[in-house]
Structure formats: structure tokens, C-alpha cells
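Asker: Sequence:
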Amino acid sequence: MPTAILLALAAAALYGASDFLGGLLSRRSHYALVGLVGQSAAAIGGLAAALAVSARPDMGAIGWGIGAGVGGAVGTLALYRGLSRGRMNVAGPLSAVGAAGLPIPVDLLSGGEFTSLAVVGVGLAIPGIWLVAAQPGRGGGGGVVEGLLAGLGFAALFVCLDRAGDTAGLWPVAASQLSAVAVLAAFVLAGRRGATFALAGRRGTGRTGEVEQPAGAAPVPWAAVWPGVLGVCSTVLYALSTRGATLAVSAVITSLYPAFTVALAALVLRERTSLAHAAGLLLCAASVGAFAAG
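For reference, each letter of the sequence shown is one residue, going 66 to 359 in this note's numbering.
You can trust all of the hints, since none of them are fake.
Here are the computed distance ranges between Cβ atoms for each label pair: (1) L174 / A344: 26 to 34 Å; (2) T180 / P122: 29 to 37 Å; (3) P284 / P170: 41 to 49 Å.
It should be emphasised that the hints constitute simulated quantities derived from the structure, not laboratory data. Just so it is clear, CB atoms sit at the ideal spot from N, CA and C, and this is done for glycine as well.
Produce the entire structure from the sequences given, and follow the hints as far as they go.
Answerer: Spelled out as C-alpha cells, the structure:
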């Protein structure tokens, strides 16, 4: 269990760094293009990792991997859209809490068991994630749809990778990355035909207030390769963590990724940490301690 917790915590750190870089790039380029370039790099990395591990592909596990990729693609599109519109104060917390909370009933219905300390860890993590990700004073009340979609997508990613098991090695991870590329590529191609990319059903605006343009009209953000590399590394670490811990524990700890995004923003962008952020970080740290002790 301690090793699994460390793997999930490392996955959270890399997911947080990936979101930080992806968020910065989404301020300058269309969020769908940022997602597609990053996911393409992640697919190459996932395929290389699967080939490096001695295991045979299993069609059932590959199917779960494809489902995980679809969920991850939806989550990425929704979260990047929320960030590009300046609505992370709503979309970010909802995505993280949804990704952490939804696998818990799935785990319980599947016969998963919780120690008393694990229950304490979950109880500390959910409000901690919310406080860390919340950014008061920005964006108003929008971004709810993006946050809900992102949370559902990331929860599907976590659940499906857990259900894939470990007999197929890292092939489910490779399948998830490749299927996510297909979803994102279809989304971008739709934009080249004049689609508005309105996940919420209407056109959005960027941080500068300009009307959002189709992805086909924007330059390719090649720097988005780096969020993709971090993303696939974190997905591999999460998949490995599920082999030594329950779905709920791995998903909740991995969903602490906003804490690392906030920390990077404070270090790199010199963003001030509010009292709410500080309290959230303490709750997140306490939740990890509870999981480790349990």
C-alpha cells in the first residue's frame, strides 16, 4: 500500500504540472489544439511504454483502455476550455472533486473495503481539493458544465484503467492514449469545418475577450508536447498504483493534482496563495497521511 500511495501521489504531481503547462498554452492557443498536440505525444509515449513491458495485449483490457481514453479526452477538452475562458475557479474544483468522488461508489459497489483511516482520508481530501483549486474573485458562476464534464471524463479514465487489470501490462494505457488522440483529432477536424467547439452549447470567449476561433484557424502549439509527456507518465503511474491499492484510494490521491498546479503557479508565476489555498493544502497533506497510515 505505501508504494501504491507514492505512485498515486507522483501521478498527481505530474498531472498537476501537465495542467499547469497546458493551461498556460491554452491562454495563447486554442485549447483543442493544445490538447491534440499533447495527446499525440502522450500516445507515442504510451505505445513505447507498452512495447517495453513484456505482456500480451488482451482484448478485454484493451476495451477498458479505449473507454479510459474517451473519458480522458472529454475531460481534457472540458478542462482546457474552462481554463481558456478564465473559469477555472469553477471548472477546476468540480473536475477534481468529480474525479475523486465518483470512483468511490463504483469501488464500494464492486466489493471494495475501506479502513477507518481511509474513510478519514477521503473526508479530508474532497474539501481539500476544492479549497486548493478554487480561485475566488474570477470568472463568475460559469464553467459548471465544463467542470462536470471534466470530472465525469477523468472519473471514467480512473475507473476504466482500474478495471483493465494488470495481466495486459501497459497496453490499456497505450490504448487509452491512442483512442484519446482519435477523439481530439475528430474534434479539431470538426473545427476546421466551421464548428464552434462549444462544449457547453454556445460560443465562448478567451481571456482577452475575443470571440473563440475554430482550432483550424490557429497556429499549432508544438510546446504542448511537454504537457502530453507529463500526462502519459502520470497515467502510467496511476495504472501501476491501482495494482497495489483500491480504486478509490488511487483515484482520490491522484485527484490531488490541483495542489501541485497551485504550487507551480505560486513558484513560477508568483501567484499569491490565499488562506483557502493554504487550508486546502494542509487538508490534502493530512489526507495522504491518513491513507498511508491506513
